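One line per chain: the protein sequences are A and B, in this order. For the first sequence, our numbering gives the first residue as 2, with consecutive numbering after it. For the second sequence, our numbering gives the first residue as 2, with consecutive numbering after it.
To be clear, the hints were calculated from the coordinates, so they are not data collected in a lab. These numbers come from a predicted model, not from an experiment. The reader is advised that the hints may include incorrect statements.
Identical chains share a label here; the pair holds if one copy fits it or two copies do between them.
Taking lysine-lysine and the BS3-like style, the derived pairs with C-alpha atoms no more than 25 Å apart in a straight line are [claimed, not checked]: (1) 377 with 110; (2) 110 with 192; (3) 192 with 3; (4) 3 with 166.
Number of protein chains: 2
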Amino acid sequence: MKACILAVGSEMLTPFRVDTNSLTVTERLNAIGYDVRLKAVVADDVAELARVLENALEWADLIVITGGLGPTEDDITRDAVARVLDAPLSVDEAIVERIRERFAKRGMKMPDNNRRQGMVPRGATVLENRHGSAPGLFITARRRPADDGGSTDLVLLPGPPREMKPMLDAVIRDRLAARASGAGLFRRVLKLTGRSESDVDAQAQTIYTRWTSQRVPIATTILAVSGQIELHLTAQAPTREAGEAALDAAVAELSRELGDIIYSIDGRPIEAVVGDLLRERRLTIALAESCSGGLLASRLTDIPGSSDYLDRAVVCYSNAAKTDLLGVPDAMIAEHGAVSEPVARAMAEGVRVRAGAQVGIGITGIAGPGGGTESKPVGMVCVAVVVDDREWVRTFQFVGDRGLVKYQSATAALNMLRLMLLGRV
Amino acid sequence: MKACILAVGSEMLTPFRVDTNSLTVTERLNAIGYDVRLKAVVADDVAELARVLENALEWADLIVITGGLGPTEDDITRDAVARVLDAPLSVDEAIVERIRERFAKRGMKMPDNNRRQGMVPRGATVLENRHGSAPGLFITARRRPADDGGSTDLVLLPGPPREMKPMLDAVIRDRLAARASGAGLFRRVLKLTGRSESDVDAQAQTIYTRWTSQRVPIATTILAVSGQIELHLTAQAPTREAGEAALDAAVAELSRELGDIIYSIDGRPIEAVVGDLLRERRLTIALAESCSGGLLASRLTDIPGSSDYLDRAVVCYSNAAKTDLLGVPDAMIAEHGAVSEPVARAMAEGVRVRAGAQVGIGITGIAGPGGGTESKPVGMVCVAVVVDDREWVRTFQFVGDRGLVKYQSATAALNMLRLMLLGRV
Numbered sequence: 002m003k004a005c006i007l008a009v010g011s012e013m014l015t016p017f018r019v020d021t022n023s024l025t026v027t028e029r030l031n032a033i034g035y036d037v038r039l040k041a042v043v044a045d046d047v048a049e050l051a052r053v054l055e056n057a058l059e060w061a062d063l064i065v066i067t068g069g070l071g072p073t074e075d076d077i078t079r080d081a082v083a084r085v086l087d088a089p090l091s092v093d094e095a096i097v098e099r100i101r102e103r104f105a106k107r108g109m110k111m112p113d114n115n116r117r118q119g120m121v122p123r124g125a126t127v128l129e130n131r132h133g134s135a136p137g138l139f140i141t142a143r144r145r146p147a148d149d150g151g152s153t154d155l156v157l158l159p160g161p162p163r164e165m166k167p168m169l170d171a172v173i174r175d176r177l178a179a180r181a182s183g184a185g186l187f188r189r190v191l192k193l194t195g196r197s198e199s200d201v202d203a204q205a206q207t208i209y210t211r212w213t214s215q216r217v218p219i220a221t222t223i224l225a226v227s228g229q230i231e232l233h234l235t236a237q238a239p240t241r242e243a244g245e246a247a248l249d250a251a252v253a254e255l256s257r258e259l260g261d262i263i264y265s266i267d268g269r270p271i272e273a274v275v276g277d278l279l280r281e282r283r284l285t286i287a288l289a290e291s292c293s294g295g296l297l298a299s300r301l302t303d304i305p306g307s308s309d310y311l312d313r314a315v316v317c318y319s320n321a322a323k324t325d326l327l328g329v330p331d332a333m334i335a336e337h338g339a340v341s342e343p344v345a346r347a348m349a350e351g352v353r354v355r356a357g358a359q360v361g362i363g364i365t366g367i368a369g370p371g372g373g374t375e376s377k378p379v380g381m382v383c384v385a386v387v388v389d390d391r392e393w394v395r396t397f398q399f400v401g402d403r404g405l406v407k408y409q410s411a412t413a414a415l416n417m418l419r420l421m422l423l424g425r426v
Numbered sequence: 002m003k004a005c006i007l008a009v010g011s012e013m014l015t016p017f018r019v020d021t022n023s024l025t026v027t028e029r030l031n032a033i034g035y036d037v038r039l040k041a042v043v044a045d046d047v048a049e050l051a052r053v054l055e056n057a058l059e060w061a062d063l064i065v066i067t068g069g070l071g072p073t074e075d076d077i078t079r080d081a082v083a084r085v086l087d088a089p090l091s092v093d094e095a096i097v098e099r100i101r102e103r104f105a106k107r108g109m110k111m112p113d114n115n116r117r118q119g120m121v122p123r124g125a126t127v128l129e130n131r132h133g134s135a136p137g138l139f140i141t142a143r144r145r146p147a148d149d150g151g152s153t154d155l156v157l158l159p160g161p162p163r164e165m166k167p168m169l170d171a172v173i174r175d176r177l178a179a180r181a182s183g184a185g186l187f188r189r190v191l192k193l194t195g196r197s198e199s200d201v202d203a204q205a206q207t208i209y210t211r212w213t214s215q216r217v218p219i220a221t222t223i224l225a226v227s228g229q230i231e232l233h234l235t236a237q238a239p240t241r242e243a244g245e246a247a248l249d250a251a252v253a254e255l256s257r258e259l260g261d262i263i264y265s266i267d268g269r270p271i272e273a274v275v276g277d278l279l280r281e282r283r284l285t286i287a288l289a290e291s292c293s294g295g296l297l298a299s300r301l302t303d304i305p306g307s308s309d310y311l312d313r314a315v316v317c318y319s320n321a322a323k324t325d326l327l328g329v330p331d332a333m334i335a336e337h338g339a340v341s342e343p344v345a346r347a348m349a350e351g352v353r354v355r356a357g358a359q360v361g362i363g364i365t366g367i368a369g370p371g372g373g374t375e376s377k378p379v380g381m382v383c384v385a386v387v388v389d390d391r392e393w394v395r396t397f398q399f400v401g402d403r404g405l406v407k408y409q410s411a412t413a414a415l416n417m418l419r420l421m422l423l424g425r426v
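Chain A extracted, bound-state conformation:
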C-alpha cells in the first residue's frame, strides 16, 4: 500500500520553515502498513496542487494532504481536490452552523469567508475537527482506467498539529486501518563508528540484499552522519510480533558480521551507551579537553542522570591551563608539542588522578581552520583514555570543518572508552 503526503502552504517554500506534520503522518501510516513513497510541499495555488494531485493519483493508494483548509482565498485544497476529482463543491449548511456556534461561544460573529470551510466536494465524508474551525474531508477516487483501475483514498486535514493529529488518529481508526493490509513497517536503527560508509556497505551488503527476499522482508538504508554510520532496518510484516522477530534476527546477524563497531541497536546515542556502561560498573569519569572545547562534556551531560558518573571536565585551551589544572609538565609540551600523544596521556591521567576518578580522557588536536602545520595538519587529534591502570592512546586524522573535527574527536574518545569497558582492547 503506497502513500503520498502533501503539505500545502507557501510559507513552507521559504527558507524559514519545514513541514514537520509529515513525520507524524508517516509514523502513523507505517504502523498500519502504508509505505510513504513521496512527500511534497506545494504552494497555495489551485493549478499547482491539482497537477501534483493528478500525478499522485496515478500510483498512490492513499494521499494525505495537510493544510490549505482555512477560510481565506489562499486556502485552496478543497478547490484543487474538487477540480481533479471532478467533484463539484457545495456548501454543507450543517458545517457552517457548527462553525457559527464555535464563534458564538467565544462571543464573536462568524466572518463571511468562513463559509468556505463548509464547502464539501461531492462524495466526500466530513471529518470532525474538535480543536478548530476547519473540518477534514475523506474521499475515495477511482484511479483512471489507463492505470491499474484501483482506487485512491484522499484524506484532507488542517495544518495546525494539535488539530491535525487527533483527526488523523480518528480517520486511521475509523476508515484506513480496515483497508490497509494489516501488514506494517517496523523499524530499528543501528549505529556504528570507526569505519567508512563504503567499507561497512561492502561488508554487509550481501547480508541485507538477502533480507529483501525473505518471508518477512527487511529493507536497509545506510547513512553517514557526522563521522558516524547509521543502518536503518525496516521490516514489512503482517503483525508487530513477526516484524520485531525478523528485526531481532537481522540485528543478531549484522552484529555477528560487523562485531564491535556497532555501538547501538536501539537508537541510543553513544554518550548514552557509554554512560550506561559507566553506571553499571560504578565508575566515575573526568575529562580533559583541548580541541574538542567542552563538546565531549556537553554531550555526556545531555544525558539525564550523567551526574552519577561525570565528576568534572576541564577545557584547557591555554598551555598554562594544561599545566596548572592537569599537571602536564611544561617540558613535555616543549618537547612534543601540545598536540601529541604524550600530552594527551598526561592530560587524561592528570585529570583522572586529581578527580579521584577511575576513568580519564584527554583530547588534544588541531580543530582548524587555522593552526595546522605540515607535520600536524588541521584535523589531527590525539586521544588518550585511561581506565585504572590500563591506557589506550590513538592519533586520528579527521576530515571536515571545525565543528565536525570537534564532534568526531568526542565520538572517537567515547568509542575508545566503550571498547575498553567491554574488554575488547
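Fit chain B to the supplied structure of chain A, relying on the hints for placement.
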C-alpha cells in the same frame, strides 16, 4: 523563473528525518530571482525519482536535486536523470582518479563501488566537490515539444550540507545567476534575546506593517528558536543594491526601536558576537559551568580563533570539583545550596582568579528532568558574570527540556556578558 527542489533519500521518508538542505537551496535561489514552487522528498528508487523528474520537467526552469550521489547501490540519482533525459552514463576516469587520490591521501584504498561516483550522463558538466568524493552534475534539458519548448537546468548535488553548500554557491555564481531575471528576494536575519516573542511583536508590528507597502516592500516573519527570537526580513527588489539598501534602512529603524536586545544584525550567533567583543578589548575569559555541562565552552570554541580569548573552562558537576577547582567554600554550598547566587558568584570569581583572566562566568542550576524541588524547580539557573571588579548575578527560570535549559543558560550568560562589555549595565 520557477524552481523545483528534490531531496533523494528513503531515510527522509521515515519518521526520523526531515530534509533541511532545501532551506539553504531556497534562500540562495530566491536571491537570484527563482521562485521555488515545489519541494519533494523521493525514495532511493530509480523509477520513482524518474517519475517525479518527468513531472517537474513539464514546468520547472530549474530542478535542484540533493542526495543520491554516493557510491552505493542505493544512490540512484545519476541513473534516474540518465533515464529521463535519455542520456547514457559513462565513467569519467578523471573523476575516478581524483576519488582514488582522496582515499590515498588518508592512507586508504578506494573501494570498487566508488567508481559509480565517476558515472556522468552524456552532455552533463561535472561540478567539483572539494569536501567529499561525490562530484555534482549540471545538465540542461530541452522541455518536450508538447510543452512550451523551453529548457530546464538540472543541478545534482550531494546530500551532506558541508559538501552541498559550497557547490551550490559555485554553480549559482558560474551558471545560474546569468540566466536568472536579476530581480530577487533579499533577506536579513536579526537576532534578539531577553524578551518574549509577543512582547517584541507588539512593539515592532506597526513598523513592519508599514514596510509592506513601501517602494521596495519588506515582509517580516518573527520566529522563536531555543529561547532566542529571530526577525526575518525579506525585501523584494529589482537589484541586489536596491534590496540591500532597503534592508539597511529597515535594520536601522528596528535597531532604534528595539535597542540593545538586538545582538546580531548579520546572522552571527551570540558566541561570535561576544568573542569579537572580547578580542577587541583584549580580554581573556574563564568559565565555571555546572548545569550547562560544558555547552557554553563548546559554543564559544565553535568560533575559529576562540583560543585568543578563552583560557579555560571547568565543568564541575560534583561539589568536590567546585571546591577543589574553584575554591567554592564547603560551608557556602552547605548554607545556600549548590544552586544559588552566592555559589554562582564564587564559581565565576574562583575560575577567573585561578586563570588570571579578566572575565569569569559561573553557571549553576537544575537542568532536569530530575533534581527539582519546590523552592528550586527544574529550569532554575543562577548565572554570575564578573568583569574585573564589576559583577552581575541573576537567577532565571527557564522552560523546556534538559537540552533547552542548558542552551538557554549558556545564551543568557553570553548576553549578560555582552551587555556588561557594551557598558549597558
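Do the hints match the structure? See the list:
| no. | hint | verdict |
| --- | --- | --- |
| 1 | 377 with 110 | between (57 Å within a copy, 22 Å between copies) |
| 2 | 110 with 192 | between (46 Å within a copy, 24 Å between copies) |
| 3 | 192 with 3 | neither (28 Å within a copy, 39 Å between copies) |
| 4 | 3 with 166 | within (20 Å within a copy, 33 Å between copies) |
Consistency note: the structure conflicts with earlier hint 3 alone.
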